[in-house]
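**Q** As given, the protein sequences belong to chains A, B, C, D, E and F, one line each in that order.
Going by this note's numbering, the first residue of the first sequence is number 1, and it counts up by one from there.
Going by this note's numbering, the first residue of the second sequence is number 1, and it counts up by one from there.
Going by this note's numbering, the first residue of the third sequence is number 1, and it counts up by one from there.
Going by this note's numbering, the first residue of the fourth sequence is number 1, and it counts up by one from there.
Going by this note's numbering, the first residue of the fifth sequence is number 1, and it counts up by one from there.
Going by this note's numbering, the first residue of the sixth sequence is number 1, and it counts up by one from there.
Be aware that one or more of the hints could be misleading.
Quick list of simulated restraints, FRET-style, between CB atoms [what the hints assert, rightly or not]: (1) 241(F) to 201(E): 30 to 38 Å; (2) 23(F) to 30(B): 56 to 64 Å; (3) 238(F) to 63(E): 53 to 61 Å; (4) 201(D) to 55(F): 55 to 63 Å; (5) 201(D) to 63(F): 38 to 46 Å; (6) 245(E) to 70(B): 23 to 31 Å; (7) 1(C) to 153(D): 29 to 37 Å; (8) 268(E) to 30(B): 34 to 42 Å.
Please keep in mind that the hints were generated in silico from the structure rather than gathered at the bench.
C-beta: ideal position from N, C-alpha, C; glycine also.
Single-letter residue listing:
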Amino acid sequence: MITLYPEKLLSIITISSMEDRLVSMFKKYGVSGFTILRARGEGSSGYEADISGFDSNILVKVIVSEERMEPILESIERKLKKGYHLTVYISDVQVIAPDKFS
Amino acid sequence: MITLYPEKLLSIITISSMEDRLVSMFKKYGVSGFTILRARGEGSSGYEADISGFDSNILVKVIVSEERMEPILESIERKLKKGYHLTVYISDVQVIAPDKFS
Amino acid sequence: MITLYPEKLLSIITISSMEDRLVSMFKKYGVSGFTILRARGEGSSGYEADISGFDSNILVKVIVSEERMEPILESIERKLKKGYHLTVYISDVQVIAPDKFS
Amino acid sequence: MPSLESLLLPAVLFFALGFIARVIRSDLRFPPDLAKVLSIYLLMAIGLHGGYELAKSDMVVAFHSIVWALVLGFVLPIIGYLSLVATRKVNPMDAAAISAHYGSVSAGTFLTAIAYLDNIGVTYETYPLIMLAVMESPAIIVGLLLAAKARRSQALSDVTPSSVGAPADSAPENGFGSLLRDALTNGSVVILIGSMIIGAISTPSGMSKLFPFIDDIFMGVLCLFLFEMGMVAARRIGDFKKVGLVLAAFGIVMPLVGGVAGAFIGHSMLGFSVGGATLVAVLAASASYIAVPPAMRLAVPEANPSYYLTLSLGITFPFNVLIGIPLYHSLVKMMAAA
Amino acid sequence: MPSLESLLLPAVLFFALGFIARVIRSDLRFPPDLAKVLSIYLLMAIGLHGGYELAKSDMVVAFHSIVWALVLGFVLPIIGYLSLVATRKVNPMDAAAISAHYGSVSAGTFLTAIAYLDNIGVTYETYPLIMLAVMESPAIIVGLLLAAKARRSQALSDVTPSSVGAPADSAPENGFGSLLRDALTNGSVVILIGSMIIGAISTPSGMSKLFPFIDDIFMGVLCLFLFEMGMVAARRIGDFKKVGLVLAAFGIVMPLVGGVAGAFIGHSMLGFSVGGATLVAVLAASASYIAVPPAMRLAVPEANPSYYLTLSLGITFPFNVLIGIPLYHSLVKMMAAA
Amino acid sequence: MPSLESLLLPAVLFFALGFIARVIRSDLRFPPDLAKVLSIYLLMAIGLHGGYELAKSDMVVAFHSIVWALVLGFVLPIIGYLSLVATRKVNPMDAAAISAHYGSVSAGTFLTAIAYLDNIGVTYETYPLIMLAVMESPAIIVGLLLAAKARRSQALSDVTPSSVGAPADSAPENGFGSLLRDALTNGSVVILIGSMIIGAISTPSGMSKLFPFIDDIFMGVLCLFLFEMGMVAARRIGDFKKVGLVLAAFGIVMPLVGGVAGAFIGHSMLGFSVGGATLVAVLAASASYIAVPPAMRLAVPEANPSYYLTLSLGITFPFNVLIGIPLYHSLVKMMAAA
Ligand SMILES: Nc1ncnc2c1ncn2[C@@H]1O[C@H](COP(=O)(O)O)[C@@H](O)[C@H]1O
Ligand SMILES: Nc1ncnc2c1ncn2[C@@H]1O[C@H](COP(=O)(O)O)[C@@H](O)[C@H]1O
Ligand SMILES: Nc1ncnc2c1ncn2[C@@H]1O[C@H](COP(=O)(O)O)[C@@H](O)[C@H]1O
Ligand code: NA
Ligand code: NA
Ligand code: NA
């Protein structure tokens, strides 16, 4: 049987212009990789992103070990305090190759 | 340490023409927001959506508190009974800002 | 109250040219369906896929019962051994219509 | 022989190329949005052109064209529905959804017919263009009504203890009114009718700046569009087996029925030239694949999309492009000679 | 009357069609990337054209145009900010973000004005094109400075025990320098200025091969772009209520102020022809919706995007396209006659 | 001097603009699908054009061109592989994957060369176009064979207790046959050869309707394509350090080797004019970045994509566009003068 190892999956929904900042932040805290999907949506700021193509949301996914998560979340919280709109959630996942994400 | 709060993440995969109906349903049941991604796929109805650009799937994600989930699921079940194709799954997530989703 | 049933959600991130192979593999192991999203990202192989449109990542999602998961994971592990780049994670989800996925 | 000439049209050859690309399992794939952009362009271009010409033409004939377009749009799906139910191969819901496609029209087929006529130097009236716009929606409405009827009779025969839902509860979400509105405001109709009006009321100097865009590159865009459609058709025809022989035959017989009806109306009722009547025949023979499928998904969710998509994209569209157009043209020529 | 003529321009009619499509709740939707591709094309085409013409023109006048463009770009947002703060309907952060949009420009409005002038046969200088390029960025910088000032005064009045964060900590991420660089290297500016340089230095034989692409299909692409913009505007105007009457009025008064200022500068300061001065008025009157919104999202995250997007896309853009352009043209004609 | 003239070609200037946009870290980004759509258009346009011309030309010369194209496609990757292995800087898998790119061709480079020749008024034969189509695939096959060989020898030297997998098990998924089919049916080849056939067999009246599409807007589309390629190249060249100096040098020396070989074959073996022989040199010198990378990903997953993408897109493509094309042209002129 294939052994599975627990990791955390961090998901962030925000506007696409935040991408460069998130990526530098990830690199600073040494994540092993990230994946970005285009999205659109509606939220507390009441506007509907995307559709017109001028500005769209992105959904960023990062698999990261629990230890490395903390500084990333702190950095996210600092951004939230400054007024940036980031919808963030974390889920438990299991992976095959744990060394890939550390 | 950053405190995390449990929420539910509802994911729905369906054809893009269902979007308007889902969005009105969400608004009726008072969700705080939603995110939509374009997708394609294959399922029980055997056809492969998208690719031609004429009709594609969407993946809708809604973070919602457990209390608000029930009426949404009931509405989804009613739609399923009427023959609409909706692939639905729910997962547990943890969020930083729980008031955002209630 | 709506009854929910546990299933597994398998997510695979890889380059789009792997799509045909993954789909045949899924069909071989009898999954009931799958969903594909376009993505881009950065990982261990250090390159940034997509953006230029020549080659992009995909995120493949398959809801599958725990029993059927094992042979799929083994097939994935064989692919990893051959050098293919697949970022794989599994999460627990709950579904309304369990017979849909078996 | 016209058929061969039709096959050597670049647009038709690109359709074949797309088809072959899938058959040899090439990895060629167009970006998902390209087909949509090409459709928008094509509808806009023919709308503008048609509106510009129509503004100069006879309103009585235009009115007659609209009436006959409505007749075709309402009658063809009923013929289709009755035939399909008679075959007993599909349930009434599927029959309603499928026949709605055949009462509506395919702009791609229409444009291929125009390219065909242009190529062999046959002229045509612009009235069929209004008919194209008019015929998009009525069949959707007929489809909804047929499905509602089928749903009611099904609900009556379904009164088993376990089915708690009242008939009303099993109807699709929004009422008939909202679905009707959807039919009349669907994107293709808006672009086509909107562009026709713009073409009709714009100042000539304004229009003259648009002609290079809507004329010069038109044929190239049509080729690209048919290239993609060839790939779509080849993918869809793979579901042929699921559809079954009887249904597949319907995908060829129904356009023939429509083609004959359209040729008759175009030639005898509307008194069009050979070119114009051929276009009416093509409209009646063609099956929708842009406007109707999503409408049926929402309004008749019980129907199986594989059926109508395979028939319309995998069988009827290729049949019309490769065989139907020259056939209807010959038919009208025979009528005109008689 | 010029206004009616303006309304019968295909480009303007397509804007109206897009607007109506949303109002009747059509399911018509353009692929998300199409608007971006159309923008890229339009900026490239006017850049190339303008650069080609500018290479032949007077460098002294060009320099004066740049100076006046900078003046407009720096002064207009300050006027906007002070007026908005005076209304007391928005907080200073929102005021800073909104007024940055009005100091910058909208290429779509500018191109509609060109189509309008071409259609009625009015000629114009090419200098306003440099002004278009120059005016994209300065207002972003002014917006940043105003927001920084507002943030500082807010931080001072916020010194409650619970607010641990020092003022510096509450500033947006990267420093002013990096945001300044963002303003000067934003995509629209790069395409526009880059294409102007290419148009100016390319060999004439190289350019001649490009003209069909940048000239012939230009009007059609502009129509498609305004079609989409009509849909965007209709969606945005729905947020009208959230914005409130006073803010909405700002979306009409501010372009009038800009239009008068621009007309004066174009006519009296730069001595342009009626056509050229009209274009300067349009530049000053228009509000950005491509370059500035993402810049404000990053630099002034505290501001509410609903406000500036609704004003710029939902109110000012339609106002300028439908009413403003002929109005500014009449104004300049009156000035010229005086 | 030809080199400067080449640099003032709009297409080349747009390449530079894209490159600069990334260097100054502009937020300019093209929608991901645009490059794909532009490629489809470019391949279709040159295919149609070439096919139309080829139908009128000498089949013996065409046959010779094909033979020499095959020779280049098979021999160049072997030269590349041996040189790379000799440097001892990459493992054999990487060497196989990289050299496959150099045996194949880049349509973008070819089209830039055509724009260059057109601009300076040099004529050329259409045979190089068939060579472009023919040369897409053979190098992929050679790459597969070299990788299979490398894999075998690696498996033999890997016989440690822990490696349970038999050699067969460590081969990429599908067999050689399926990969061969992939090579021959890849999208670029299908569009190019398909369009050539369509251009050759279409009726002249059908083709005449297509010319505005494939001719008039061609140069503009090429500019847009090179604009995007400039951005891609700038992003890729950032990985220069990972690649190392020796590999980077290979990205310049290998096209020079190919260019000389191609110039010789075009001029001396095939007897083409200066223009035609320059095009053959460009084909031999160019490295694929569309067809080969995904093929190598699937067939040689052990190879590092950073290497071949950086070399082909970040080094060889810019080198050829900016320096190589005028260089090969001068070389052929010298050969012709000799
Ligand atoms: N409850 C939610 N569930 C899913 N996505 C959300 C939710 N709330 C916000 N979002 C996403 O986050 C984006 C920004 O939301 P907000 O920060 O609330 O303005 C929206 O455009 C949505 O895409
Ligand atoms: N087991 C599954 N895993 C992931 N996605 C699925 C699955 N089954 C269905 N889907 C998605 O749901 C869509 C509709 O499926 P269905 O309702 O089975 O026709 C498909 O096109 C897929 O995108
Ligand atoms: N830690 C991670 N979190 C999220 N996505 C990842 C991660 N690592 C890799 N990926 C994705 O998987 C792709 C291939 O990564 P790799 O296999 O590491 O080359 C990348 O382009 C990313 O899209
Ligand atoms: Na029909
Ligand atoms: Na302005
Ligand atoms: Na080569």
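**Q** Evaluate each hint against the coordinates.
**A** Right, here's what the structure says about each hint:
no.	hint	result
1	241(F) to 201(E): 30 to 38 Å	33 Å, holds
2	23(F) to 30(B): 56 to 64 Å	49 Å, violated
3	238(F) to 63(E): 53 to 61 Å	37 Å, violated
4	201(D) to 55(F): 55 to 63 Å	45 Å, violated
5	201(D) to 63(F): 38 to 46 Å	58 Å, violated
6	245(E) to 70(B): 23 to 31 Å	40 Å, violated
7	1(C) to 153(D): 29 to 37 Å	34 Å, holds
8	268(E) to 30(B): 34 to 42 Å	57 Å, violated
The structure shown violates the earlier hints numbered 2, 3, 4, 5, 6, 8.
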